[in-house]
Amino acid sequence: MSLVGARVLRKEDPKLLAGRGTFVDDLSPAGCAFATFVTSPHPHARILSIDVRTALAMPGVLGIWTAADFSEYPDVPGGLPQFERPALAIDVVRFPGEPVAVVAAEDRYLAADAAAAVLVEYETLPFVSSITAATAPNAPLLFPHHRSNTVTSVPMLDDAERELAKSYGRARLRLTNQRCAAVPIEPIAVLADWTPSGLTMWATFQAPHHLRNYLATWLDVPQNLCRVIAPDVGGGFGAKIVWYPELFLAPLLSKWTRRPMKFAQSRSEAMLQMSHGRGQEHDVEVGYAKDGTIEALRLIVSQDLGAYPDPTGLGLAVLTTWMAAGCYKIPKVVTGFRNVVTNTTPIAAYRGAGRPEAAYTVERIIDVVARRTGIDPVEIRRRNFIQPKSFPYRTHNDAVVYDSGDFPAALDECVRLLDLDAVRARQAASRNDPTAPLIGIGLSAWLEIAGFGPNGSLEGFGHLASWESTQIRIQPDGSAIVFVGSSPHGQGHETTFAQIASDELGVPFDRITVVHGDTESVLQGVGTMGSRGVPTAGSAVKVASQRVLTKAKRIAAHLLEAAEEDLEVESNAFRVRGSPGKSVSWGDVAWASFQPLRLPPELLAGSLEERLFQESPNFSYPSGVYGCVVAVDRRTGRVRIESMVLVDDCGTVINPLLAEGQVHGGVAQGIAQALFEEVVYDHESGQPLTSTLVDYLIPSAPDLPSYIAGRITTPCPNNPLGAKGIGESGAVGAPAAVVNAVINALSPFGVEHLDMPLLPEKVWAAMQPGAIAQGQAS
Amino acid sequence: MNFAEHPKTLVNVDVNGKSVRYEVEDRTLLVHLLREHLRLTGTHVGCDTSNCGACTVLLDGDAVKSCTVLAVQTQGRSVRTIEGVDGPFDGRSALQEGFRQCHGLQCGYCTPGMVMASTALLAENPDPSETEIREALEGNICRCTGYQMIVESIRWAAEHGSPPPNGVSP
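Quick mapping for you: the protein sequence lines, in order, are chains A and B.
Numbering (the numbering used here) for the first sequence: 1 to 778.
Numbering (the numbering used here) for the second sequence: 1 to 170.
Think of the hints as simulated: they come from the structure by calculation, not from any bench.
Being a predicted model, the structure only gives us computed values, none of them experimental.
We put the CB at the ideal spot given by N, CA and C, even for glycine.
Keep in mind that the hints are not guaranteed to be accurate.
Said to hold, decoys possible - Partial selection, computed: residues in chain A whose CB lies under 7 angstroms from chain B:
1. 16
2. 184
3. 427
4. 429
5. 664
6. 667
7. 687
8. 690
9. 692
10. 693
11. 698
12. 700
13. 707
14. 708
Unchecked claim - Output of the computed footprint for chain B on chain A, the stretches with three or more beta carbons under 8 angstroms from beta carbons of chain B:
15. 7–15
16. 229–240
17. 265–279
18. 584–592
Bound conformation, chain A alone:
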């Protein structure tokens, strides 16, 4: 029986459930010291002096360092020359929470005491905490040498004005995809131990080899002396592939104090120091025919980068513009974008990274067109869909060729699971009953670019390459160890990759262990991001396992004195078809594989080991249609999700249980963005107003609904598994479904658009007399 496609329970769980996982802050080697940052309270200021004398004299303090102590080391690896971030602020601080000094002490209490006693004198500078402020005439500059806060931009080559002007109708929206925080429940933690034999560093990170590569260069040590381990990682969502200062400072502090050195962020620190996500403003306009056909789309994106351009942060708007047309066949699509620095926490990847923003905008504007033309939102999507026979489908951008999909089938399935006619009947009834909540129905037909990626795709974000690696090792008893370069943080690689290997090798699932996250044992690696785990690393495991099996069959054939092509693998043994008694166990074959005297002459001892760097010819394009039903309380504006239908197409599914879990988690984050979450800066003071989980509203169980999951499957033609990736789907598809549902509920009030998050106050205000203008598109 095939394990691929089965709801296999996870290998990871028993230890995690027993409290026996190993997260970085759980480690405490002998002599371990603790480091913490002194941070800027200002959005923008000149550092006049740092007085460490009192703090240095405090009990248990091992040392205090400022930027001057690191002058021989380069800046943190950055996205853009001349906009790099120093490991500690040099002369100027550019966002609240930016580290200006680092304190090491015997434990975290003493480190916190001493950090509070470091006296930093600042001269405050004018600041900008929004794109609007940063791009205003005579705006204060973060990097005066550049003379503008717009650090990069890609203008439109053609504004599509001709096509838009020719259309029957035009609809335009300005919308904000608000700044969010990833908030993995484990904040950033690093433990470095620099011994005379080399450096070992444990870091909560999504890409340990990537970190090793950069860290060794930064420290100027050879990579053989620089080992990075990502042990159990408590969530990442994109925020753990960012070059935080402590990743580079921890090793030096360990070296200088001759102690293992740990950093472990508090949540309040994490809210300011861990990268934020989203932070885009969109100006979108479409031209449409009378029948609702979209004829042209123009999208202009402004990306808030925060204070320092992050390599991924710089790529977010690129991905958004690539995916601007979504699931639709639009003859003319033009896009442009600009990247703007502000005195705020740097922005980088957050689950979906540029694609949720694209999906949200196209799904919002198509609902506006549906409303203007009076065409059913289901029908208008159907009319504009790229048809299943049109794949591979070339988009407005040469880099983007959609692989496969069946959008009409996904839409049909979503409508069926929603029981749309019944919901619409209920909606009509609710509108006539002033005591009933307003029912709203929203759809989101989305697709994203994933499976990063083809050669060159990740190199642009600073990665070594875009492949993923595996190494399959058969032990002498026939059990197997699968090493993978993609290091997980909750996705369940140890289970899914063992399923794939078990199917291909014929070795039982329980006799396969998946090893990841350690640069000393794992061949090489790129990392886990961009919904690439299964399409790249999973495919690597499949192909490498097949190659191992081919050689194992040769050995089995030699031992059985049979022909290879007559062998089949079944129940952990190689059998000769048609000769029931003639078989040799996997264990016997494995044992023989290390004994030259028992091997066929063309094979060497130890040859049941295969390594592979799996490349992809193209990206993958997961897609789906989500439907949402909301009930809006007329008196309070509170939105309750009554029903959330999720029809995904991620190609081949390895483990439906885990795939569903990924979708649920992504959808929860998408709903959270639609209804609750926003990182807010006070524009008067430049201060963050959401720096704890009291103020930043992560939903808990009572705030979220149950989900109804459906699925269609169009395999991806670009990898041996046919898998498209599933990690980001929910976060890409959910926001538009929820917002479209709320706007639909509010349609009796003439509302065409409200920006996320749809907090009760905003929804309530839109229902008040005279409020229509603010919710009107143009």
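Assemble the complex: chain A is given as a structure, and chain B must be docked to it using the hints.
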């Protein structure tokens, strides 16, 4: 090493059925007594405002957030952490097994807190509805699962005869 700046107190506390005597600074949080001094690292820290619940333990049978309790407040009381949970399902309690069966965890960081909070729930209400489960977990944040499978995990435990919490003296 002795950094005698802060007053210390000798705390006698029962942790997972074992009596522990430990001298801690008065300002030491229970979660740090557990993690740093007793090296029970299954209890995690996810925030500093009592919102996330990753640090949930049972104090005399009640679910509390150990980041908001001083170690000295546990004097003479009994604390149960994830390391003190076991049961008939291959060493796991019905709740732990429910989380495994229903994929109620992904990264696993919030999980010990979720298990402890739901252990307290089932002790009080052995057959909770979905709504009761969701409300009982209001103080525990999971960023991975979207909660549905956590709710199903707890229902699984309720249906598979969650034994009364052992090792806890109410």
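**Prompt:** With a cut-off of 7 angstroms, does the beta carbon of residue 427 of chain A approach a beta carbon of chain B closely enough for the hint to hold?
**Reply:** 24 angstroms, violated
**Request:** With a cut-off of 7 angstroms on the beta carbons, see whether residue 698 of chain A makes it to chain B.
**Result:** Holds. Min distance 5 angstroms.
**Asked** Does residue 687 of chain A meet its interface restraint, that is, does its C-beta lie within less than 7 angstroms of any C-beta in chain B?
**Response** For residue 687 of chain A, the interface hint is violated, since the closest Cβ of chain B sits about 17 angstroms away, which is over 7 angstroms.
**Prompt:** Would the hint on residue 664 of chain A stand, with a C-beta cut-off of 7 angstroms toward chain B?
**Reply:** 4 angstroms, holds
**Prompt:** Does the nearest C-beta of chain B fall within a distance shorter than 7 angstroms of the C-beta of residue 667 of chain A?
**Reply:** At 6 angstroms from the nearest chain B Cβ, residue 667 of chain A passes the 7 angstroms test, so the hint holds.
**Asked** In terms of beta carbon proximity below 8 angstroms, does the region 584–592 of chain A have 3 or more residues touching chain B?
**Response** As far as the region 584–592 of chain A goes, the hint is violated, because 0 residues have Cβ atoms under 8 angstroms from chain B.
**Message:** residue 693 of chain A was flagged as interface toward chain B. Is the shortest Cβ-Cβ separation under 7 angstroms?
**Reply:** 4 angstroms, holds
**Asked** With a cut-off of 8 angstroms between beta carbons, are at least three residues of the region 229–240 of chain A near chain B?
**Response** With 5 residues in contact (Cβ-Cβ under 8 angstroms with chain B), the coverage given for the region 229–240 of chain A holds.
**Message:** Checking hints one by one. Is residue 707 of chain A an interface residue toward chain B, by the C-beta closer than 7 angstroms rule?
**Reply:** Where the cut-off is 7 angstroms and the nearest Cβ of chain B is about 6 angstroms from residue 707 of chain A, the hint holds.
**Request:** Have a go at the residue 429 of chain A hint: is there a Cβ in chain B nearer than 7 angstroms to its own Cβ?
**Result:** Since chain B brings no Cβ nearer than about 24 angstroms to residue 429 of chain A, farther than 7 angstroms, the hint is violated.
**Prompt:** Against chain B, with CB atoms and a cut of 7 angstroms, does the hint on residue 692 of chain A hold up?
**Reply:** Because about 5 angstroms separates residue 692 of chain A from the closest Cβ in chain B, which is inside the 7 angstroms limit, the hint holds.
**Prompt:** Does the CB of residue 16 of chain A sit less than 7 angstroms away from some CB of chain B?
**Reply:** 3 angstroms, holds
Checked against the numbered hints given earlier, this structure breaks hints 3, 4, 7, 8, 14 and 18; the rest are met.
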